[in-house]
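The lines below spell out each chain.
Number of protein chains: 2
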Amino acid sequence: MTEPDPKPKSHGAGDLPEPKQPPALSSGFERGVEWLRGAGDASDVVLSSRVRIARNLAGFPFMTTAERADRAQVLELCKRRLMNLALGEGRRMLWVDLHTATPDERDALVERQLISRNHAKGKLSTGAGGQDEPRGVAVILPEERISAMINEEDHLRLQSIRSGLALDECLADVDWLDDEIEKGLDFAFHPRFGYLTACPTNVGTGLRLSVMMHLPGLKMTGELEKASRAAHDMGLAIRGFHGEGSEANGEFYQVSNQTTLGKSDAMLLRELNDEIVPRLVGYERHARGRLLGDRRETTHDTVARALGTLRHARLLRAAEAMELLGLVRLGVVCGLLPEVNLDTVHGLLLAIQPAHLQRITGRVLTPAERRSARADLCRARLGLR
Amino acid sequence: MTEPDPKPKSHGAGDLPEPKQPPALSSGFERGVEWLRGAGDASDVVLSSRVRIARNLAGFPFMTTAERADRAQVLELCKRRLMNLALGEGRRMLWVDLHTATPDERDALVERQLISRNHAKGKLSTGAGGQDEPRGVAVILPEERISAMINEEDHLRLQSIRSGLALDECLADVDWLDDEIEKGLDFAFHPRFGYLTACPTNVGTGLRLSVMMHLPGLKMTGELEKASRAAHDMGLAIRGFHGEGSEANGEFYQVSNQTTLGKSDAMLLRELNDEIVPRLVGYERHARGRLLGDRRETTHDTVARALGTLRHARLLRAAEAMELLGLVRLGVVCGLLPEVNLDTVHGLLLAIQPAHLQRITGRVLTPAERRSARADLCRARLGLR
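Residue numbers (numbering that gives the first Met the number 0), protein chains in the order written: chain A, 0 to 384; chain B, 0 to 384.
Treat the hints as calculated values from the structure; they're not laboratory data.
Ideal Cβ placement from N, Cα and C applies to all residues, glycine included.
Treat each hint with caution, since some may be false.
Stated by the list, open to error - Sample of chain B residues at the chain A side, in silico, Cβ under 10 Å: (1) A303; (2) T308; (3) A312; (4) V363.
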């Protein structure tokens, strides 16, 4: 094991693209984010796909029982290994020590879906912990597609996120990362149970699959609850935009597998990628077809009004902005708002989040100032040319 | 008494400006209307002033007891006299026989505030009557400022309507018309009671004064009810945009005197024009001052969103359109929406009404088509250049 390359080391999340001058409101530094590209299979309904796997280092206690010294050592080992990977031309690894990052940097990482809320807070699954818990995140730049959380619920959670329905490709990404890390670190593995994880529901493959779906059609036709129950019966969990406990503003839903034990990675993935998600996509497309049939005028009215509000409001709360952006996205995808660029909408989904807003405006904002800055941003980016 | 000049005779309300080709959505044939000019005293709060007086022909029973033959004779006498007035250069008299006009023509006259709803319907104050009741309206063109309803509640109701707070000028207008008519017709007059009218509350001076006020500030600060009670205590009635029984969408209120007996015309007018209305104007301006002080951002947000909706909606009901136009008018008058022309807003207040919408689009519209045409009109006229 070699020493980590000191060059691209910890500067916090802002390292990504923190310019000397605060960028103009219309610049959009979040646009490189892979999962906002709006491309890939079924991208009219599936915003992004994500695969996470859990790994733990052999010879160390799980996070649930580890001492702080153990956690510090795990962090150091993982960090060295990750900083030392061969990433290929044009890529580099960003490392962020979350225990020394500012709250704003951590929040920006949550908004970019690179760390979980609990990881940002340093809250351990035991309920203990806090902001100075030794923990970190590694992100492969420039795409931010592949990343790893250190000392979240497990020692390592490896993630890949891609736009559209692309669970296969995501799994290939994390498999690659898994293999690369394993070249220098031993993972806890049981010949019968497979990879061992802190939470029993992850034992075996440790695989967590999820897709971010945009289901405004089902919502507007009143069929969302039915579809949601069907998804639940098929073993899926449906959550809001920011995962567990968050609201589904804008009708963006994270659909994920509930359990991993007893099914192979391949089975889980085939089921979700090839059966369940396509079925939900079909439901949503059918609902949109109805909206564009009988209810075309009222649908057009609804999405156009949402655009009008985003283009004119002087104050916008995040939840309302998400709701309006969700409607505008529906309008764009359905061809009802040809004047709006889908990239702009996707960029705003991220840019309107509190921490990103602060980075874009280049200053710390009170909640009232955020509402104003958020509206300024929407007007500037969605304004008529 | 000479025969009426046959030239400008009854062609219905559409005679005003009915072009061969339906005019484009942005043309705005209603813009000549005096009370929409947005000029005059206190025009930030007072949209228009109106004076009506009631007169009845001597030797004929009042409308409450007249036979149809009496009413037909009254109509004929008034029509001849009105068509024969010396109007001065550049003016002409438009006559509309309401019993032969189309419902759409009658509705357009109501929307232009030239006849009352009951007059449009031919409904007598006794509850009897119907569309074929002999009745008419005379309007001096091109301003449409001075007009006369024949066989409404009284044989004659003379009206003048002007923009801003201008009850003096309106009274001078109807006095002139009164005098001109009286040169050729005798009015029922009692040496002790004054002019006699069908409804006892009008006896004496027969004078009805009203101003159309825009009170969004009082509404938004929650003080409208208090101001409304105060106005009531001062002997005023407050009604909606289209008078008795109509709603005050957009916070446009018709404020009028309740009784006429026992006070001279001059007293009534001085009281309303110089005391009561200016006091209400003061309340409204004070409320707007508060909105532009502490609550400037939320007020700006509210009026800008209203503009955004008008500029983007694909379907608009009349009541909602009035509400939104009222907010936009507040924004324009307060300098929060410098990009919007007040004339455009005033023009739309009339143009979005059902009968005007049909005239503008040049075809008969179902209610659903009206909602769509109304939204098209608002987008076209308020669209960004």
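These are the hints, each one checked on the structure:
no., hint, result
1, A303, "holds, 4 Å"
2, T308, "holds, 5 Å"
3, A312, "holds, 5 Å"
4, V363, "violated, 19 Å"
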